[in-house]
Amino acid sequence: MLKKFDLKAPLAVLAELSHRCPLSCAYCSNPVELIQKNKELETKDWLRVIDEAADMGIYQIHFSGGEPTARKDLEEMVEHAHKRKLYTNLITSAVLLTRERLEKLKNLGLEHVQVSFQDSESENANRIGNFKNGHEKKLEVAKWVRELGLPLTINAVMHRQNLHNLENMIKMAKDLDADRLEVANVQYYGWALKNRAAFMPTKDQLEKSMKIVEKARKDLKGILAIDYVLPDYYAKKPKACMGGWGRQFLNIDPEGNVLPCHAAQTLKFFKFDNVKDKSLSWIWENSEPFNKFRGTDWMPSPCKTCDRREIDWGGCRCQALALTGDVGAVDPTCEFSPLHEKIFGSATEESGQEAPEFIYRLISNKEVEPVKK
Amino acid sequence: MKERLLLKSETIPIIPDHVRFEFNEVRKEWVLLAPERALYPDPIATEVLKKCDGKVSIQLIGEDLAKKYKAPVEKIVEDVTKMLQDLADKGFLKEC
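First to last, the protein sequences are chains A and B. Residues in the first sequence are numbered from 0 upward in steps of one, following numbering that gives the first Met the number 0. Residues in the second sequence are numbered from 0 upward in steps of one, following numbering that gives the first Met the number 0.
Source of the hints: derived by calculation from the structure; they are not laboratory data. Treat the numbers as computed from the prediction; the structure is a model and nothing was measured. Take the hints with a grain of salt, since some may be wrong.
Said to hold, decoys possible - BS3-like cross-link-like pairs, simulated, lysine-lysine; straight-line CA separation at most 27 Å:
{"#": "1", "chain 1": "B", "residue 1": "K1", "chain 2": "A", "residue 2": "K170"}
{"#": "2", "chain 1": "B", "residue 1": "K81", "chain 2": "A", "residue 2": "K173"}
{"#": "3", "chain 1": "A", "residue 1": "K275", "chain 2": "A", "residue 2": "K38"}
{"#": "4", "chain 1": "A", "residue 1": "K82", "chain 2": "A", "residue 2": "K105"}
{"#": "5", "chain 1": "A", "residue 1": "K142", "chain 2": "B", "residue 2": "K89"}
{"#": "6", "chain 1": "B", "residue 1": "K89", "chain 2": "A", "residue 2": "K217"}
{"#": "7", "chain 1": "B", "residue 1": "K50", "chain 2": "A", "residue 2": "K84"}
{"#": "8", "chain 1": "A", "residue 1": "K270", "chain 2": "A", "residue 2": "K291"}
{"#": "9", "chain 1": "A", "residue 1": "K173", "chain 2": "B", "residue 2": "K93"}
{"#": "10", "chain 1": "B", "residue 1": "K1", "chain 2": "A", "residue 2": "K173"}
{"#": "11", "chain 1": "B", "residue 1": "K74", "chain 2": "B", "residue 2": "K89"}
{"#": "12", "chain 1": "A", "residue 1": "K82", "chain 2": "B", "residue 2": "K50"}
{"#": "13", "chain 1": "A", "residue 1": "K217", "chain 2": "B", "residue 2": "K93"}
{"#": "14", "chain 1": "A", "residue 1": "K84", "chain 2": "B", "residue 2": "K89"}
{"#": "15", "chain 1": "B", "residue 1": "K67", "chain 2": "B", "residue 2": "K49"}
{"#": "16", "chain 1": "A", "residue 1": "K103", "chain 2": "A", "residue 2": "K136"}
{"#": "17", "chain 1": "B", "residue 1": "K27", "chain 2": "A", "residue 2": "K84"}
{"#": "18", "chain 1": "B", "residue 1": "K1", "chain 2": "A", "residue 2": "K142"}
{"#": "19", "chain 1": "A", "residue 1": "K7", "chain 2": "A", "residue 2": "K275"}
{"#": "20", "chain 1": "A", "residue 1": "K220", "chain 2": "B", "residue 2": "K89"}
{"#": "21", "chain 1": "A", "residue 1": "K220", "chain 2": "B", "residue 2": "K27"}
{"#": "22", "chain 1": "B", "residue 1": "K1", "chain 2": "A", "residue 2": "K214"}
{"#": "23", "chain 1": "A", "residue 1": "K170", "chain 2": "A", "residue 2": "K235"}
{"#": "24", "chain 1": "B", "residue 1": "K7", "chain 2": "A", "residue 2": "K214"}
{"#": "25", "chain 1": "A", "residue 1": "K105", "chain 2": "B", "residue 2": "K93"}
{"#": "26", "chain 1": "A", "residue 1": "K235", "chain 2": "A", "residue 2": "K275"}
{"#": "27", "chain 1": "A", "residue 1": "K105", "chain 2": "B", "residue 2": "K89"}
{"#": "28", "chain 1": "B", "residue 1": "K74", "chain 2": "A", "residue 2": "K105"}
{"#": "29", "chain 1": "A", "residue 1": "K38", "chain 2": "A", "residue 2": "K236"}
{"#": "30", "chain 1": "A", "residue 1": "K210", "chain 2": "A", "residue 2": "K235"}
Claimed, not checked - Take a look, some chain B residues computed to stay more than 10 Å from chain A by CB distance:
{"#": "31", "residue": "R19"}
{"#": "32", "residue": "N23"}
{"#": "33", "residue": "V25"}
{"#": "34", "residue": "C95"}
Unchecked claim - Pair ranges (Cβ atoms, derived):
{"#": "35", "chain 1": "A", "residue 1": "V228", "chain 2": "B", "residue 2": "E9", "range": "45 to 51 Å"}
{"#": "36", "chain 1": "A", "residue 1": "T42", "chain 2": "B", "residue 2": "V25", "range": "22 to 28 Å"}
{"#": "37", "chain 1": "B", "residue 1": "V55", "chain 2": "A", "residue 2": "I358", "range": "58 to 64 Å"}
{"#": "38", "chain 1": "A", "residue 1": "R98", "chain 2": "B", "residue 2": "L5", "range": "30 to 36 Å"}
{"#": "39", "chain 1": "A", "residue 1": "E348", "chain 2": "B", "residue 2": "A70", "range": "57 to 63 Å"}
{"#": "40", "chain 1": "B", "residue 1": "D16", "chain 2": "A", "residue 2": "M209", "range": "31 to 37 Å"}
Where a beta carbon is used, it is the ideal one built from N, C-alpha and C, also for glycine.
Build the full structure now, drawing on both the sequences and the hints.
What follows is the structure, given as structure tokens:
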């Protein structure tokens, strides 16, 4: 465990305002059991949490979800966060936004917008998000973002069924005058794990995509910044989950539970503390789930003595649990995990077979039929 | 169409509206806040960034620092340009 006096306040808070979302992407990383509207935190709770975050010295607040614009009180939260000098970021699917609302949010202090895209090609994009005309709407909103003088990040979720369009995605982001493009390879948490075989890219696709990104980074230097992270299933070293468990980030789910990362709901044995019962700073310092995997003392061998222990901080706990059944095990992404070959070998084999149909879902937690063309 | 901003010694740099360079009272540190990023400038970079107010050129910033630290102007201007170019490439700095 980190010693108290070493523990700094987190840098950012991810405020998942609602699990409601008009899209039903088959790779959704939100938990399989979504939180219903009647359980969502009230406005006053969120405003108090924003105060507590600012008092702790947290720098940034990311309004996310689900779809954060599904909350009618988003304006109040943005305004309050800005007043308290938090850097405000809206992470949105964009399809519910009007130009008037976006302009209002900007005037109240919104500083950055991230819009997700499912593909550069409308038909495939709308199939993946299972939302009619979603892609067209996203393009429109992205243009408004820039017209209003807000910086724009495009979040492109990439996988086996759209990686062939990566170059077009980059061009799309450039044409939209985005500042940044996140090439986000699907991560298999929450609902996404159900659809893993439909999304797992082939090795060949990945090698091509890395070359494309490398070239685009050179060609577009100073014009479009491109973030790209090698997907876990093809990596040999794990990534530091959220910059290390309980080190830089905290995540608040729609009903107020505070988690070290947005996927941690899958760690069912934890009792997460809630902002309705405890202050944010108390939770950051004392909450059991945060302290459980903080620092390096909890680590198994060979992590404990590994040179990278303070680089990757033991990787991802949710992945360790989901794939090995043991939350304290070596992240199987790591080549030193005894299960690395077995787990990732079989998963990447899936990419060589025909992609199965997507399993979509709705807020009601039921599986849904795909949108008819 | 946007083009890469290449800084020269006569460029007058300024921190754009969507980037905030400020002192955080709780943490007692200078920070550059940008979309989904927080950068912590070292004391020299902090001094440079304080001067990126849209009023003075990189040349003047360099001359000022050279005087203060009794160092060769040319070298300081070169170092400052390099540091600011890196920020400009990230979109955290523009010209006035």
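Checked hints:
A threshold of 27 Å between alpha carbons decides the hint, and for K1/B with K170/A the separation of about 13 Å falls inside it, so the pair holds. For the given pair, K81/B sits about 25 Å from K173/A by alpha-carbon distance, which is consistent with the 27 Å threshold. The suggested pairing of K275/A with K38/A holds, with an alpha-carbon distance near 12 Å, which does not exceed 27 Å. Distance restraint check for K82/A and K105/A: the Cα-Cα separation of roughly 13 Å lies within the 27 Å cut-off, and the hinted pair is therefore satisfied.
Pair hint K142/A plus K89/B holds up; C-alpha atoms about 21 Å apart against a cutoff of 27 Å. At most 27 Å may separate the alpha-carbon atoms for a hinted pair to count; K89/B and K217/A meet this at roughly 13 Å. Distance hint between K50/B and K84/A is fulfilled; the C-alpha atoms sit about 22 Å from each other, no more than 27 Å. Distance restraint check for K270/A and K291/A: the Cα-Cα separation of roughly 12 Å lies within the 27 Å cut-off, and the hinted pair is therefore satisfied.
At roughly 18 Å between alpha-carbon atoms, K173/A and K93/B fall within 27 Å of each other, so this suggested pair holds. Note on K1/B and K173/A: the hinted pairing holds, with a Cα-Cα distance of about 9 Å set against a maximum of 27 Å. Note on K74/B and K89/B: the hinted pairing holds, with a Cα-Cα distance of about 23 Å set against a maximum of 27 Å. Between K82/A and K50/B, the direct Cα distance comes to roughly 25 Å. Compliance with the 27 Å bound is thereby established for this hinted pair.
Taking the CA atoms of K217/A and K93/B, the gap is near 20 Å; set against the 27 Å cutoff, the hint holds. Taking the CA atoms of K84/A and K89/B, the gap is about 22 Å. The hint holds against a cut of 27 Å. Distance hint between K67/B and K49/B is fulfilled; the C-alpha atoms sit about 15 Å from each other, no more than 27 Å. Straight-line distance between C-alpha atoms of K103/A and K136/A comes to about 19 Å, which keeps the hinted pair within the 27 Å bound.
About 15 Å separates the Cα atoms of K27/B and K84/A, which keeps this hinted pair within 27 Å; it holds. The straight-line distance between the Cα atoms of K1/B and K142/A is roughly 15 Å, inside the 27 Å bound, and the hint therefore holds. At most 27 Å may separate the alpha-carbon atoms for a hinted pair to count; K7/A and K275/A meet this at roughly 23 Å. Restraint check for K220/A and K89/B: the C-alpha separation of about 8 Å stays at or below 27 Å, so the hint holds.
This hinted pair does not check out: K220/A and K27/B have alpha carbons roughly 33 Å apart, beyond 27 Å. A hinted pair counts as satisfied when its Cα atoms are at most 27 Å apart, and K1/B with K214/A qualifies at roughly 18 Å. For the given pair, K170/A sits about 30 Å from K235/A by alpha-carbon distance, which is inconsistent with the 27 Å threshold. Restraint check for K7/B and K214/A: satisfied, since their Cα atoms lie roughly 26 Å apart, inside the 27 Å limit.
Of the pairs offered as hints, the one joining K105/A and K93/B holds, with about 21 Å between alpha carbons and a cut-off of 27 Å not exceeded. Only pairs whose Cα atoms come within 27 Å are accepted, and K235/A paired with K275/A is rejected, the gap being roughly 41 Å. The suggested pairing of K105/A with K89/B holds, with an alpha-carbon distance near 22 Å, which does not exceed 27 Å. Proximity of K74/B to K105/A is assessed by CA-CA distance (about 41 Å); at most 27 Å being required, the pair is judged violated.
Annotation: proposed proximity of K38/A to K236/A is violated, straight-line Cα distance about 39 Å (limit 27 Å). The hinted pair formed by K210/A and K235/A meets the criterion: a straight-line CA distance of about 18 Å does not exceed 27 Å. A beta-carbon of chain A is positioned within 10 Å of the beta-carbon of R19/B; the least distance is around 7 Å. Once the 10 Å rule is applied to beta carbons, N23/B is inconsistent with being away from chain A; the minimum gap is 6 Å.
Listed as a non-interface residue, V25/B fails to keep its Cβ farther than 10 Å from every Cβ of chain A; the least gap is roughly 3 Å. Under the 10 Å C-beta cut-off, the non-interface status given to C95/B relative to chain A holds; the minimum distance is some 16 Å. Distance hint check: the CB atoms of V228/A and E9/B are about 39 Å apart, inconsistent with the given range 45 to 51 Å. Range check, T42/A to V25/B: Cβ separation about 24 Å, and the 22 to 28 Å hint holds.
A C-beta distance of roughly 59 Å is found between V55/B and I358/A, which places it inside the suggested range of 58 to 64 Å. The hinted window of 30 to 36 Å between R98/A and L5/B holds, with their beta carbons roughly 34 Å apart. About 60 Å separates the C-beta atoms of E348/A and A70/B, a value consistent with the hinted range of 57 to 63 Å. Under the hint 31 to 37 Å, the C-beta atoms of D16/B and M209/A, about 34 Å apart, fit the expected range.
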